[in-house]
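Residues are numbered in the numbering used here as their position in the sequence shown, beginning at 1, plus a constant of 848.
It should be emphasised that the hints constitute simulated quantities derived from the structure, not laboratory data.
Please read all numbers here as calculations on a predicted model, not as lab measurements.
Among the hints, a few may not be true.
Said to hold, decoys possible - For lysine-lysine, the following DSBU-like pairs were computed, each having C-alpha atoms within a straight-line distance of at most 35 angstroms:
| # | residue 1 | residue 2 |
| --- | --- | --- |
| 1 | K941 | K880 |
| 2 | K939 | K955 |
| 3 | K955 | K941 |
| 4 | K939 | K880 |
| 5 | K886 | K955 |
| 6 | K856 | K940 |
| 7 | K856 | K880 |
| 8 | K941 | K886 |
| 9 | K899 | K880 |
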Amino acid sequence: MIEYKSDKELGAAELERLFLSVEWSSGHYPEKLETAMKNYETVLTAWDGEKLIGLLSAMDDGVMTAYIHYLLVDPEYQGQGIGKALVETAKKKYADYLRIVLVSYNKEVGFYESCGFTRETESSPMCITSLWT
């Protein structure tokens with residue numbers, strides 16, 4: 849049975865395993881991920897026993913805008929509604945906010961549309977990054 853938690857105290861090893869399971873290069877920086885999770889306003893997790901299998905992290909300004917930064921589910925558990933459950937929990941937390949924002953890889957747009965997000969046509973995501981994913 850999958851258990852959902854709100855938990856910022858995550859270990860570097862479990863974060864490394866989950867991030868590398870979805871081939872995200874940030875998984876190569878587990879200590880940075882551990883610190884980052886402590887600094888997010890919201891960290892929602894999904895567990896199968898002692899195994900971290902899903903994670904959503906978000907930052908916000910306290911009243912108007914929330915930004916979902918990470919959403920990932922271990923490939924062995926994808927297609928079971930775990931990502932959608934994490935998004936729905938975040939949407940409830942931020943229901944009074946004026947905007948919930950995220951940046952999606954093109955191949956994931958359909959998933960986020962099924963969660964109620966719409967593609968913005970007037971803007972484009974931009975970044976400066978040293979990561980290779």
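Hint-by-hint comparison with the structure:
Taking the CA atoms of K941 and K880, the gap is about 26 angstroms. The hint holds against a cut of 35 angstroms. Distance check on the hinted pair: K939 and K955 sit about 22 angstroms apart at the alpha-carbon level, within 35 angstroms; holds. Simply put, K955 and K941 have alpha-carbon atoms about 26 angstroms apart, close enough for the 35 angstroms limit, and the pair holds. The hinted pair formed by K939 and K880 meets the criterion: a straight-line CA distance of about 26 angstroms does not exceed 35 angstroms.
Distance check on the hinted pair: K886 and K955 sit about 29 angstroms apart at the alpha-carbon level, within 35 angstroms; holds. Using a Cα cut-off of 35 angstroms, the hinted pair K856 and K940 holds, with the two alpha carbons roughly 18 angstroms apart. Between the alpha carbons of K856 and K880 the distance comes to roughly 13 angstroms, so the proposed pair stays at or under 35 angstroms and holds. Restraint check for K941 and K886: the C-alpha separation of about 18 angstroms stays at or below 35 angstroms, so the hint holds.
For the hint pairing K899 with K880, the CA-to-CA distance comes to about 20 angstroms; that is within 35 angstroms, so the pair holds.
Checked against the numbered hints given earlier, this structure breaks none of them.
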